[in-house]
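Take these sequences, add in the hints, and give me the full structure.
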Amino acid sequence: MERKLVVSSSPHLKSPDDIQSIMVDVLVALFPVALMAVFLFGYRALITMIIAMVVAMATEAIILRKGNFFGDGSAAVTGLLLAMTLPPAPPWWVVAIGSVVAIAIGKQIYGGLGNNIFNPALVGRAVLVVSWGGHIAGNVWLKPVPFGFTADMVTQASPLAAYNASLGDLFLGTVPGSLGETSALALIIGAIWLFYRGHIDWRIPGGFIGVVFILGLISGGFSMGLYHILAGGVLLGALFMATDMVTSPVTATGKIIFGVGCGVVTMVIRLFGSLPEGVTFGILLMNGLTPLIDNLTLPKKFGEVKKSNA
Amino acid sequence: MSTLAQEFSKGIFKENPIFRLLLGMCPTLAVSITAINGFGMGVAALFVLLGSNLVIAALRNFIPSKVRIPAYILIIATFVTIVDMVLNAFTPDLHKALGIFIPLIVVNCIILGRAEAFARKNSVARSVIDALGMGVGFTLSLTILGIIRELFGKGSIFGVGVMGSAFEPMGILATAPGAFITLGIMLGFVNFMFKRLGIE
Amino acid sequence: MSERTFVGGIHPSYFKDSTAGMPIAPARSPSQVIIPLHQNIGAPCEAIVQVGDEVKVGQKIAEPKGFVSAPIHASVSGKVIKMEPYNHPLGNPVNAVFIENDGQDTPDEGMKPNKPLEELTPEEIIKISKEAGLVGLGGATFPTHVKLSPPSDITIDTVIINGAECEPFLTADHAIMLERADDIVYGLKAFMKALRATKGIIGIEDNKTDAVESMKRAIAEGGGGYDIEVHTLHTKYPQGAEKMLIKATTGREVPPGALPMAVSVVNQNTGTAVAMAEAIKLGKPLYERVVTITGPGIKEPANLIVRNGTLVKDLIEQCGGMTDDARKLILGGPMMGLAQPSDDVPAIKGTSGVLILTAEYVKDYPIAPCIKCGKCIEVCPMNLLPNFIGSSSEKENMDLAEKYGAMDCFECGCCTYTCPAKRPLVQWIRIAKGEITARRRK
Amino acid sequence: MRNALRMALTLLIIGAICGGLLSVVNGITAPIIKDRADQQFLQALEGFFPDVAKFEVQDINGEEFYSCYDAAGKFMGVVGKVKAKGYGGDIAYDLAVNDTGDIIGMRIGAHNETPGIGDVINKDPFLQKIIGLKFTDPISAGVDVDTTSGATVSTGGMISSIRRVMNVIGENFLGMEVEKAEIDLTKVADGTYTGKARGFKSDITVQVVVSGGKITQIEIVSHDDTPGISDNAIKGMIPKIIEAQSLEVDMVSGATLTSQGIVNAVFEALK
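Chains as they are written, first to last, in our numbering: chain A, 1 to 310; chain B, 1 to 200; chain C, 1 to 442; chain D, 1 to 271.
It is worth saying that the hints were derived from the structure and are not from the lab.
Among the hints, a few may not be true.
As the list claims (entries may be wrong) - Simulated crosslink set (DSS-like; lysine-lysine; CA at most 30 Å straight-line):
(1) B/Lys96 / D/Lys34
(2) D/Lys85 / B/Lys154
(3) D/Lys54 / B/Lys96
(4) D/Lys83 / B/Lys154
(5) D/Lys129 / B/Lys154
(6) C/Lys115 / C/Lys193
(7) B/Lys195 / C/Lys395
(8) C/Lys403 / A/Lys66
(9) A/Lys301 / C/Lys193
(10) D/Lys123 / B/Lys96
(11) B/Lys195 / A/Lys66
(12) A/Lys301 / C/Lys403
(13) C/Lys422 / C/Lys403
(14) A/Lys66 / C/Lys363
(15) A/Lys301 / C/Lys422
(16) D/Lys134 / D/Lys83
(17) A/Lys14 / C/Lys16
As structure tokens, then:
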């Protein structure tokens, strides 16, 4: 028998999905958001995103000593997500340091993809906020000018701090804000793609957005509930950040608890804290609780509770 | 029996209290904001360590072992208080910056640890060398941490601006999380280097 | 009510087109059969023939050594030429009876019709099934007479015929349901009578509508006096797994570690039902079965009636041989079947398919770290946490693996299939199960 | 027995030697420390009043106030070492007021405000806004001093603290008449009063019903503050005031300016 047969343990079929394809799907999902950001905030938004992605990928390639620049794509995703949380045009070095921190300290120090406790992009953002708050959270917002690729832009406060935007503007994204958070429309389009591809579960965004809406409703009525969902980073956070696979619970119940927790912390910071936005810290805090949540919500095994009619 | 030179150098490298033994983490994290703070804290601890090791080694045959811990604490506390008063009198700025962490040297694991693990069993000369080594190792480590945090967190070294006016300091390094991050990275780096050099 | 199912599971590509709806054809009678003496879960058998003996088709050649075991019968007529260990689909060589085929197919005298079903007592039915060497033909090869003799304190109210055939590529059950629907109904009636069950259910995945029609017709014609239903099931893997099938058809959940009889249900495979019908009607013991020979690595896929002990290489040869890029030979389906190091292995009672995969399917994926995507948890039909069990086993922390439920895994392989990090989860779980079982024995 | 005695004795001797040593060192260092501390503080006062030669300390409600005199013994002004409530806890600061009630200097001491956000209180633009204000100025957030957006708690806290300190200094050292924010309810006739005061964005108008010497009802007639946030203040403050029958109540955190506005408006109504 000259033919060599491969022997391996079953199953002998593998799903076509792999990590790289998931990461590419996330990038595809972020594409409408990125497009909207460039449309609203001009070429500077594009530069910010490119710096963040390239530096993130370079950092990962250097740390892993890999020739393959794109790798499994996770560094590109982290870089782009980081850019999405930043104002349209921070100094280039702020973006670059954020990317380095996100990959080196947020991810690789823990042992690389899969082992990190906190969402790397948010770690990068958190370090930037604490270190150079003036470039990230002060009066750095640009007034969006559709097609305003070269126009000079005006700085003004973000709508969450000022409570002055209409719901329609918030939905389309024609308000000042971080690159990826202004346009609810683009975020929802991207998220639909991820849902369709089965990479995110309704539970985390559902819990997150639901709680934000309910607490917003309690604090100021129906339109305030909607306002809290659409303004600021809730949609970006709920759909793209909190759903980060590595740092969120794996159990179904755990996902709901996680989402609700993110929503509660976010709203507590928004309503009672002095910072206008709480999404970053809400998600980071719940990231830290993820292993605990997982262990407290081990699912019931099939058939574990005996049915009364059996 | 190791030579006195080895006794001295072990505190700096192989048994560095911060990077190898992970002792005295509390002042390390709290006062290493600037190079001068780290250096000052290190020297203060060095002095206390020297004094306590010397006295304890000298008295090691006279102190009954059942009351040795209270006796050590008394001795250590005395030296700490002396350091506190002297610093307050002659270097008030440093005293203010180090604050509560000077009195807290009393409970610093390094001091009591060396007393209990070394000075109790060794001659005065060896104990003094040991204290010098450990103290220098501690000072060195704290100063290095202080330099890193000051350089990036404030843009200066020992209070001298070196990064130019365009530099915007990285605020997080001046805060407690920054201390943890810096220490963690340094620990990793030192372990990595030791592995590279084939020590242990 | 047409879409019944369970929670979890996967939707692999089914690859059934090449043999679906293909008529069942008899395989070429081989010049020699090699019949292993261990063909069922439980105790092996002991030969009752000697080297040199002349045997006839259907003659019993081996007797069971324990209760959980079933006799084995000759599949050709001819002379016993050798008795020695030979390759076995489960891995280690097992004692086998080599019979040289005289090509006469002389039937054994013992093969004669029994009384009609109406006149048989439950005990007689059980005896017939035992004498015919019936085992579960889905692949697990659990002796049928054991299944039909539950402990006295358990009543069985439902018998389910498994026509789900959820494994990709395999179409043997499908073909049987199309061609032998009447016998399936007859066999089911026998099982129901033996177990004094009041309800019969035939569960079929909704990608086999022609089989559903065929079964419905057969019930209308031959199901008189018995309450038999066809349930159309959602098409997904592992719909045909015992516990999943019971959940999908009756809504009952078999507790962890328990057998279906704990919820008053007995499962039987379609092929087993046909074999039961043949045993009653013709007195024919189980010495041949339908096998799907398929896969991208085979030139002419087919559904064949294969005699027990036929070498797989004979079957492959009949189907045009392997293609040049064939790389893997699997007995059974791609999800739970066993890869074979050689095609020099006999087909046995539990061989439901011969699957040849090509290089394209045999890629060696690097194992990435778990990214905790939770896809394995979503698909686990047992609602376990395969990622945690797998990682615990990988780190050889078997206590933790057990705590996360390793022992409740029935190795359907959904987790490994779906894992984007290409982690061999079910393989690790198997290691953990082996380790834990070994420890418990101590 | 002998052992126990020996232990006790050893400890006693060590303790005695240590104590002796410490008292000697203390004897050397204590005067140096004290001299320098006085020197330092005088230097600090000189930063505000260059000609200061002498000062007197007075403790008012736990805070120290230093009256400064020149070499001729002439009263120059007051420096208060005081605290404000910030976002990260107390903000310690020194406020210097001259003899005519003008703020001539302010120095922020220890604080825990967020770097890059709350620490704007220690930056020139904010200090410039404060220095030069007079006792007679309202010194009220949004009226003559704007809060810094993004740091309303830190800056708002400072502004209201400065007003309070100004009142203390004015009353105790400068002999100024201070408008008390407290109402003697027994002197208010029954009836309905309307008052207006500045909230976060613009004026808040309230209607206060007094009957039998008690505030029985407070109603917000109009306001323009942020929905959601101000609602907490409105819901929180009204019952607090009615329950306490006083305007000395804690503000609702996160909505300090609206809360303060409500208190001021009630005060205006009953004045």
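Evaluated hints:
no.: 1; hint: B/Lys96 / D/Lys34; result: holds (14 Å)
no.: 2; hint: D/Lys85 / B/Lys154; result: holds (27 Å)
no.: 3; hint: D/Lys54 / B/Lys96; result: holds (25 Å)
no.: 4; hint: D/Lys83 / B/Lys154; result: holds (27 Å)
no.: 5; hint: D/Lys129 / B/Lys154; result: holds (27 Å)
no.: 6; hint: C/Lys115 / C/Lys193; result: holds (14 Å)
no.: 7; hint: B/Lys195 / C/Lys395; result: holds (24 Å)
no.: 8; hint: C/Lys403 / A/Lys66; result: violated (38 Å)
no.: 9; hint: A/Lys301 / C/Lys193; result: violated (33 Å)
no.: 10; hint: D/Lys123 / B/Lys96; result: holds (23 Å)
no.: 11; hint: B/Lys195 / A/Lys66; result: holds (22 Å)
no.: 12; hint: A/Lys301 / C/Lys403; result: holds (12 Å)
no.: 13; hint: C/Lys422 / C/Lys403; result: holds (24 Å)
no.: 14; hint: A/Lys66 / C/Lys363; result: holds (22 Å)
no.: 15; hint: A/Lys301 / C/Lys422; result: holds (24 Å)
no.: 16; hint: D/Lys134 / D/Lys83; result: holds (20 Å)
no.: 17; hint: A/Lys14 / C/Lys16; result: holds (17 Å)
The earlier numbered hints that this structure contradicts are 8 and 9.
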